[in-house]
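Chemist: Listed in order, the protein sequences are those of chains A and B.
Quick note on this note's numbering: the first sequence kicks off at 16 and runs consecutively.
Quick note on this note's numbering: the second sequence kicks off at 3 and runs consecutively.
Worth flagging that the hints you see were computed from the coordinates, not collected in a lab.
Values in this document were obtained by computation on a predicted structure and should not be read as measured data.
A hint or two may mislead.
Which chain A residues stay away from chain B? Per the calculated CB distances, all over 12 Å, these [claimed, not checked]: (1) G57; (2) D65; (3) A69; (4) G71; (5) E79; (6) R89; (7) I96; (8) H110; (9) C144; (10) T158; (11) V168; (12) G170; (13) Q182; (14) S183.
Pairwise CB distance ranges (calculated) [as the list claims (entries may be wrong)]: (15) P107/A / E241/B: 47 to 57 Å; (16) P107/A / P79/B: 39 to 49 Å; (17) A29/B / T105/A: 33 to 43 Å; (18) G94/A / L98/B: 49 to 59 Å; (19) G94/A / A179/B: 27 to 37 Å; (20) E484/B / Q39/A: 58 to 68 Å; (21) A33/B / A179/A: 14 to 24 Å; (22) R474/B / E127/A: 25 to 35 Å; (23) T91/B / S175/A: 26 to 36 Å; (24) D120/B / E127/A: 35 to 45 Å; (25) D83/B / Q182/A: 29 to 39 Å.
Where is the CB? At the ideal position from N, CA and C, for every residue including glycine.
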Amino acid sequence: MDYWRSRPAAFDKTMPTNPQTLSQDHAALLSSLIGRHRNTPGALLPLLHDVQEALGHVPGEAVEPIARALGLSRAEVHGVITFYHFFRSTPPKPHVVQVCQAEACQACGAGELMAAARALADSESGRECVTLEPVYCLGLCATSPAVMIDGRVHGRVGPSRLGALMQSLGVRP
Amino acid sequence: MSADRLTTVYVPCDSAARAVGADEVAAAIAACAQARGLPVRVVRNGSRGLFWLEPLVEVQTAQGRVAYGPVGVDDVPSLFDAGFLDGATHPLGHGLTEEIPYLAKQERLTFRRMGITDPLSLEDYEAHDGWQGLRRALQLGGEAVLAEVTESGLRGRGGAAFPAGIKWKTVRQATAAQKYVVCNADEGDSGTFSDRMVMEGDPYMLIEGMAIAGIAVGATQGVVYVRAEYPQAIGTLNEAIARATRAGWLGGDVAGSGQAFHLTVRKAAGAYVCGEETAMLESIEGRRGVVRAKPPLPALAGLFGQPTVINNVITLATVPVVLARGAGFYRDFGVGRSHGTLPFQLAGNVRHGGLVEKAFGLTLRELLSDFGGGTRNGRPIKAVQVGGPLGAYVPEHQWDVPLDYEAYAAMGAVVGHGGIVVHDDRADMRRLARYAMAFCALESCGKCTPCRIGSTRGVEVIDRIARTDGARREQQVTLLRELCDTMLHGSLCAMGGMTPYPVLSALDHYPQDFLAPVAEDKPASAERA
């Protein structure tokens, strides 16, 4: 798949046209997080980080209450969520595998590593439990290729080591 | 072996060391010592920056610290058997750490404490010259601190190399109720990790530098904008700020001076363009990271419209040594108008990857051969990208040019943040040039047309060069050069303005790679999801 023929993932996060309401638990959580950040200058990013940390993603239903609390338009909040690669509008699978694709890792076989990871993530068990994404530099450029799995970094990862790491997540090739 | 003496063993907690098993090694050493009844204290230090030796275990002996690496969990019993607690020889042994040539040949000013101390220990920091710069700054007062920083010749280490003193002076002279010091820790360039090492391995140095900047310009609030890809750096920095505040080095009364300086950490969210200073300000203010047009300069109207010093981690982390040792001491390192040292980062396909702090003026060849030791797999080096994804590919005939901001600029390259990525002879330069354009398309903020549209057109033109031949190919090459010219001169910031550096250098120095027929285009690495 060619990069420029495919739409970047960010564009696929759809604007909620008919916002549903949050569950009661989530609404209570959201309002406590809003309370924590409401008076912080430039509160939107810290608030979105906290929402994503608590829920795994930023649900579309959260956009409206966040916008109202911070005195922003829904478009402004939606714009921020979709601009930044880090924020998710949909829940990820139980495990997130990020394979670095920046130059220092490319020089040591990151392309082949990504292909191997893709094959595993596309397997039946992989589709159930793994969200695979590229990442652009983890700052481990002298111990490349590097991957991050559920927030934990691994260096000097070849395809076989990656296979073992992914098998420990429950992926069967 | 003396079973009664408490031996200190150092196992780094730097994330690059942990990524190759340092936590497991530290646990194995503690368990093995306990099983054998040997009193051992395991200290998690920062990394020395000799990453090919990580996990690098050090043992404190009467002669100094003795190094062993790279140590795996399976090596731990044999280290104990050999008597490594007394510094005994072992196949993984390297003798005294300080005498390892890679380290001994460096000129570590900013990184002088790196890997020696426990990053979060205030006692360690103080015992290794910590806070000396801040103490002197408080004695001197803002005007004299500014003069000192200006005199030192320190320039912005984030890549643009703008003199720090001039920037600070502008902020100092501005009148405002609130001024800010913002540290740009959005180290997104591939091949760079010195900012991460500072935040994880010597965070108080950055805190000290920011406090000094606050005193010099009259700012009472600092913000560190750290990329989301660095969770450990964010955690360490937050803890260091809390401890430094409790100890009185930050807060309403910095070191009893009556001056205030508060510091907070802001987590970025994965947008490369937020490494550009005005996009970063937008992000801190809670908006999309869209670049601002200049003027107004951030020094006059920066964060929340107030006068703001914006510097990179290494610039601010270098300020304490400038103040502690004096401007003249620092200025005497380097060549031409590039004063002082730069922590170079050897990365990619290089045998001895790591951090090399040297004065400006050494050559790329020295770095690659004396320090780097060639490629990991022994194949010849084909191309070296200096200065991050927006830096030029430097071919071998330019490796003897001294690493100096002006000398590099003169040959159409950049020293940048000092990141050096090595590629072996299998590198396909057409693909790397295409990647540079695709990455720009992915990360462009979209504000200016040359960057937003030019990058996508760049990918298309490079693909057409591969598909055509003869006169039509020549036409496409001309088109690519004209496109690069537009991006270079018409972009609002370095994202679009410097993407042509890797593209044109690849085209100029490796034209044969663009001639090779490509039957089927390989997948671009710059796909996101």
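Chemist: Look at each hint and say if it fits the structure.
Modeler: Here is what the structure says about each hint:
no.: 1; hint: G57; verdict: violated (4 Å)
no.: 2; hint: D65; verdict: violated (10 Å)
no.: 3; hint: A69; verdict: holds (15 Å)
no.: 4; hint: G71; verdict: holds (15 Å)
no.: 5; hint: E79; verdict: holds (17 Å)
no.: 6; hint: R89; verdict: holds (14 Å)
no.: 7; hint: I96; verdict: violated (9 Å)
no.: 8; hint: H110; verdict: holds (15 Å)
no.: 9; hint: C144; verdict: holds (17 Å)
no.: 10; hint: T158; verdict: violated (5 Å)
no.: 11; hint: V168; verdict: violated (4 Å)
no.: 12; hint: G170; verdict: violated (4 Å)
no.: 13; hint: Q182; verdict: holds (18 Å)
no.: 14; hint: S183; verdict: holds (14 Å)
no.: 15; hint: P107/A / E241/B: 47 to 57 Å; verdict: violated (27 Å)
no.: 16; hint: P107/A / P79/B: 39 to 49 Å; verdict: holds (40 Å)
no.: 17; hint: A29/B / T105/A: 33 to 43 Å; verdict: holds (37 Å)
no.: 18; hint: G94/A / L98/B: 49 to 59 Å; verdict: holds (56 Å)
no.: 19; hint: G94/A / A179/B: 27 to 37 Å; verdict: holds (30 Å)
no.: 20; hint: E484/B / Q39/A: 58 to 68 Å; verdict: holds (60 Å)
no.: 21; hint: A33/B / A179/A: 14 to 24 Å; verdict: holds (23 Å)
no.: 22; hint: R474/B / E127/A: 25 to 35 Å; verdict: holds (33 Å)
no.: 23; hint: T91/B / S175/A: 26 to 36 Å; verdict: holds (32 Å)
no.: 24; hint: D120/B / E127/A: 35 to 45 Å; verdict: holds (38 Å)
no.: 25; hint: D83/B / Q182/A: 29 to 39 Å; verdict: holds (33 Å)
Violated hints, in rising order: 1, 2, 7, 10, 11, 12 and 15; the structure is consistent with all others.
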